Each structure stands twice: as C-alpha cells, then as structure tokens.
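Participant: Sequence:
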Amino acid sequence: MLKPALMARAATAAILIAALAPGLAHAAGKKGKDVGAGLVGNTVELAGPQGTTRIYYPDRRAIVVRAPDGSEMKGHWRVKGRQICTRMEKQAENCTAPIDVPPVAGSSGTLPGEAGGADLQWSVRKGKGF
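Offset between the sequence shown (1-based) and our numbering: plus 1.
Rather than coming from a laboratory, the hints here were simulated on the basis of the structure.
For clarity, every value in this text was computed on a predicted model and none was experimentally measured.
Don't be surprised by glycine CBs; every beta carbon is placed ideally from N, CA and C.
There could be a bad hint or two in this list.
Claimed, not checked - Cross-link-like lysine-lysine pairs, in silico, DSS-like; alpha carbons within 25 Å at most:
| hint | residue 1 | residue 2 |
| --- | --- | --- |
| 1 | LYS81 | LYS129 |
| 2 | LYS91 | LYS75 |
| 3 | LYS127 | LYS81 |
| 4 | LYS75 | LYS127 |
Said to hold, decoys possible - Per label pair, the in silico range of CB-to-CB distance:
| hint | residue 1 | residue 2 | range |
| --- | --- | --- | --- |
| 5 | ALA38 | GLY117 | 16 to 24 Å |
| 6 | SER72 | GLN122 | 14 to 22 Å |
| 7 | PRO99 | ARG61 | 15 to 23 Å |
| 8 | ALA98 | ALA38 | 25 to 33 Å |
| 9 | ALA116 | ALA63 | 28 to 36 Å |
| 10 | ASP35 | GLY117 | 32 to 40 Å |
| 11 | ARG83 | ALA106 | 18 to 26 Å |
| 12 | PHE131 | ARG62 | 13 to 21 Å |
| 13 | GLY117 | LYS75 | 32 to 40 Å |
| 14 | ALA119 | ASP70 | 17 to 25 Å |
| 15 | GLY71 | LYS127 | 18 to 26 Å |
| 16 | SER72 | PRO99 | 18 to 26 Å |
| 17 | PHE131 | GLY107 | 28 to 36 Å |
| 18 | GLU90 | GLN51 | 15 to 23 Å |
Can you make the complete structure from the sequences, with help from the hints?
Facilitator: Written as structure tokens, this is what we have:
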C-alpha cells in the first residue's frame with residue numbers, strides 16, 4: 002500500500018497534468034468555463050513506470066484515489082478561482098497553477114519526466130475508471 006503522502010502527491014500530479022497540459026489534449030474544454038466542471042463524474046489517469054494511478058471525481062467535493070497496487074484513499078477537492086485544489090486524508094491542501102482551459106473527458110497527453118526521468122501519460126476518462 003502506498004503511503005498517504007505518496008498517494009496525495011500522485012493525486013496532485015494527476016490533477017496538475019490534466020489541468021496544465023491542455024495544449025497536448027486531444028479534446029479540451031472552452032476557455033473561461035468552470036475549471037472543475039469536466040472532472041465531475043470522471044476519472045483522471047496518470048500512467049508511469051510504477052503503474053497507473055486513477056483519481057475518480059464522483060461529485061463536486063469528493064475524490065477517490067486508486068494507487069497502482071490497488072489501494073484506495075479518499076480525499077476532497079474544490080475549485081478556487083481558476084485553480085483545482087485537493088486535500089487527501091491528513092494532508093495539506095495542494096492547488097494547481099491557474100488554469101485557462103478546463104480538463105474534460107477525452108483530454109490526454111504526455112508530461113515529460115523531470116531530471117531525465119520517465120515521461121508520464123495522463124488522460125481524463127469518462128465515468129468511474131475503476
């Protein structure tokens with residue numbers, strides 16, 4: 002089972018990827034819309050060398066994170082202006098940078114790895130992806 006801090010980082014990374022890489026998206030929302038609207042009822046997937054982490058947004062408050070090992074952790078999310086903020090159990094809130102184009106189901110792309118690390122693939126999938 003992943004440690005809560007690692008799962009929180011994975012959830013935040015997935016949200017950051019979905020939110021900050023709209024130029025890589027196959028489908029993107031309209032500029033100026035509610036930046037979190039396209040996440041409700043959908044799943045963000047983040048695939049990397051250690052497996053795929055999935056974050057499901059069942060409603061406007063809750064998230065469920067499923068780690069590559071199958072363990073799950075619950076948390077909360079909110080929209081703060083043009084930012085998406087998440088808070089996992091017993092962790093501090095993390096927020097994205099301001100978002101211009103909201104992530105929606107069908108969005109996907111690649112985030113280059115940091116410091117020569119492996120690239121990460123991200124996507125927003127319609128419905129609950131686990």
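Participant: The structure should be examined with respect to each hint, and the outcome stated for every one.
Facilitator: We went through each hint and held it up to the structure:
1. Annotation: proposed proximity of LYS81 to LYS129 holds, straight-line Cα distance about 24 Å (limit 25 Å).
2. Simply put, LYS91 and LYS75 have alpha-carbon atoms about 10 Å apart, close enough for the 25 Å limit, and the pair holds.
3. About 23 Å separates the Cα atoms of LYS127 and LYS81, which keeps this hinted pair within 25 Å; it holds.
4. Only pairs whose Cα atoms come within 25 Å are accepted, and LYS75 paired with LYS127 is accepted, the gap being roughly 19 Å.
5. Against the hinted window of 16 to 24 Å, the Cβ-Cβ separation of ALA38 and GLY117 comes to about 36 Å, which falls outside the hint.
6. For SER72 and GLN122, the hinted distance range of 14 to 22 Å is satisfied, since their beta carbons lie about 21 Å from each other.
7. PRO99 and ARG61 have their C-beta atoms about 19 Å apart, which keeps the hinted 15 to 23 Å range intact.
8. Between ALA98 and ALA38 the Cβ separation comes to about 18 Å, which falls outside the hinted range of 25 to 33 Å.
9. The hinted range of 28 to 36 Å is satisfied by ALA116 and ALA63, whose Cβ atoms lie roughly 34 Å apart.
10. Between ASP35 and GLY117 the C-beta distance comes to about 37 Å, which sits within the given range of 32 to 40 Å.
11. The supplied range of 18 to 26 Å is met by ARG83 and ALA106, whose beta-carbon atoms lie about 20 Å from each other.
12. At roughly 19 Å, the beta carbons of PHE131 and ARG62 sit within the given window of 13 to 21 Å.
13. Distance hint check: the CB atoms of GLY117 and LYS75 are about 34 Å apart, consistent with the given range 32 to 40 Å.
14. The hinted window of 17 to 25 Å between ALA119 and ASP70 holds, with their beta carbons roughly 18 Å apart.
15. Distance hint check for GLY71 and LYS127: the Cβ-Cβ separation is about 22 Å, which falls inside the suggested range of 18 to 26 Å.
16. A beta carbon spacing of about 32 Å between SER72 and PRO99 contradicts the range 18 to 26 Å that was offered as a hint.
17. The beta-carbon spacing between PHE131 and GLY107, approximately 18 Å, falls outside the hinted interval of 28 to 36 Å.
18. Between GLU90 and GLN51 the CB atoms are about 21 Å apart, so this pair conforms to the stated range of 15 to 23 Å.
When held up to the earlier numbered hints, the structure conflicts with 5, 8, 16 and 17 and fits the remainder.
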